[in-house]
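Chain A is fixed; fit chain B onto it per the hints.
Protein sequences appear in the order of chains A and B. FYI, the numbering for the first sequence is 1 to 160, going by the numbering used here. FYI, the numbering for the second sequence is 1 to 271, going by the numbering used here.
Derived from the structure by calculation, the hints contain no laboratory data. None of the values given here were measured: they were computed from a predicted structure. Don't be surprised by glycine CBs; every beta carbon is placed ideally from N, CA and C. Be aware that a few hints might be false.
Stated by the list, open to error - Coverage of chain A stretches by chain B, computed from C-beta distances (three or more under 8 Å per stretch; other residues unrestricted):
(1) 16-25
(2) 36-46
(3) 51-60
(4) 68-81
(5) 92-103
(6) 129-139
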Amino acid sequence: MTHARTITLTVNGRSVTATVEPRLHLADFLRERQLLTATHLGCEQGVCGACTILIDGEPARSCITFAVACEGRSVTTVEGLDDDPVAAQLREAFMEEHGLQCGFCTPGMLVSARDVVLRRPEADAERIRLEMSGNLCRCTGYVGIVNAIRRVLDARKAAE
Amino acid sequence: MKAIDFDYARPETVEEALELLDRGDIAARPVAGAQSLGPMLNLRLAQPDLLVDITGIAELRGIRIDGDAIAIGACVTHATLEDGRYNDATRGVLPGVAGGIAYRAVRNRGTIGGSLAHADPAADWVATLTALGAEVVVAGRGGRRSVPVADFVLGVFETDLQPGEIIVEIRVPALSERARWGYYKVCRKAGEFSHATGAVLVDPARGVRRAVIAAASGRPIVIEDAEVIQGGGCRPERIAGILADTPLAGNAFEINTHTVALKRAIAQVTA
Numbered sequence: 001m002t003h004a005r006t007i008t009l010t011v012n013g014r015s016v017t018a019t020v021e022p023r024l025h026l027a028d029f030l031r032e033r034q035l036l037t038a039t040h041l042g043c044e045q046g047v048c049g050a051c052t053i054l055i056d057g058e059p060a061r062s063c064i065t066f067a068v069a070c071e072g073r074s075v076t077t078v079e080g081l082d083d084d085p086v087a088a089q090l091r092e093a094f095m096e097e098h099g100l101q102c103g104f105c106t107p108g109m110l111v112s113a114r115d116v117v118l119r120r121p122e123a124d125a126e127r128i129r130l131e132m133s134g135n136l137c138r139c140t141g142y143v144g145i146v147n148a149i150r151r152v153l154d155a156r157k158a159a160e
Numbered sequence: 001m002k003a004i005d006f007d008y009a010r011p012e013t014v015e016e017a018l019e020l021l022d023r024g025d026i027a028a029r030p031v032a033g034a035q036s037l038g039p040m041l042n043l044r045l046a047q048p049d050l051l052v053d054i055t056g057i058a059e060l061r062g063i064r065i066d067g068d069a070i071a072i073g074a075c076v077t078h079a080t081l082e083d084g085r086y087n088d089a090t091r092g093v094l095p096g097v098a099g100g101i102a103y104r105a106v107r108n109r110g111t112i113g114g115s116l117a118h119a120d121p122a123a124d125w126v127a128t129l130t131a132l133g134a135e136v137v138v139a140g141r142g143g144r145r146s147v148p149v150a151d152f153v154l155g156v157f158e159t160d161l162q163p164g165e166i167i168v169e170i171r172v173p174a175l176s177e178r179a180r181w182g183y184y185k186v187c188r189k190a191g192e193f194s195h196a197t198g199a200v201l202v203d204p205a206r207g208v209r210r211a212v213i214a215a216a217s218g219r220p221i222v223i224e225d226a227e228v229i230q231g232g233g234c235r236p237e238r239i240a241g242i243l244a245d246t247p248l249a250g251n252a253f254e255i256n257t258h259t260v261a262l263k264r265a266i267a268q269v270t271a
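With the rest of the complex left out, here is chain A:
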């Protein structure tokens, strides 16, 4: 570890101090060093969206963010959304609407879907598709995913 750096960040609410090489991207740090394997690596070039996590509450690609750049930041993976009310609604809706088959893209889908629900509460199906276009799924055909997000948006509107 020629250029090792010690960083301190928050991972799913827990303070973590670790020594990392600057070249270690955040997804590998989460998977290999924190053993948080829900974050999936598809393309490793920021295109597929499988590795989408939250940095300070905002969705980001963990494969093109280096762990060393997250000093002092708060990182949340799907494991950290267990008690999140929107994520809970989405998990149920994804099951009801058949929003996944193999599940590889699902962690990234849930993180992006949560962002759509919170940031775009008025989204219609077309807007959902546009907002979710940075997350690729290769088996559902997206219909179930879009329906799941619509179901959550409708439920939240009805509850207002």
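Leaving out everything else, chain B in the frame of chain A:
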């Protein structure tokens, strides 16, 4: 694939950053959101010895009104520009364009200065800032200089940035009340890089009539031909002439695609 072994520094002032980048013995590169450089590192298309992360420099993260321009720090993210929680002297142009860049997860990290320094011909800011007549403020150890974006982007991934220099600010002239803006990009999939971009700004109060063809395998092409800008002259024959000095010359498909992109941008202005 994984990036090669590189060193990393996160300075807190522009001066510190410039000092770190002023190294003749190693390859040092500035980085902000890493949304273009990150993939290049993972693919090993970029193999620097040192990354100088400039996102810790407070001066580069602000947006302010300065005279008749909006001055945007190099490290302001696309998402910040999209959300519009600032005094937008462009009357909606910046949020509109920012919201169409890639995907939200990318917009949360990617920066306006990084996009311009990367100079992908298909990038939204390359086309937009050229059409808006923006200037880029560049800092080097010898001081600061200001360059029109139209002169800053020299070609595919090629800019006027000299070794050791970084972009600190982008200055966009305020649009007048009756200014009209049109912007269209041809994408087969939402969020992908544009295949052809047309941008038009008509701001009579400031005497500005400007169209831009971008994503044309080179630097953006500025058009001041009134007949093209008002729409009647935006035909493949005329666009073929405009693209004659580009790698797209003689390619009927590309010429038509760029004509359509520009025509649709013009339609937004004349509507």
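Each hint tested on the structure:
no. : hint    : result
1   : 16-25   : holds (count 4)
2   : 36-46   : holds (count 3)
3   : 51-60   : holds (count 5)
4   : 68-81   : holds (count 3)
5   : 92-103  : violated (count 0)
6   : 129-139 : holds (count 6)
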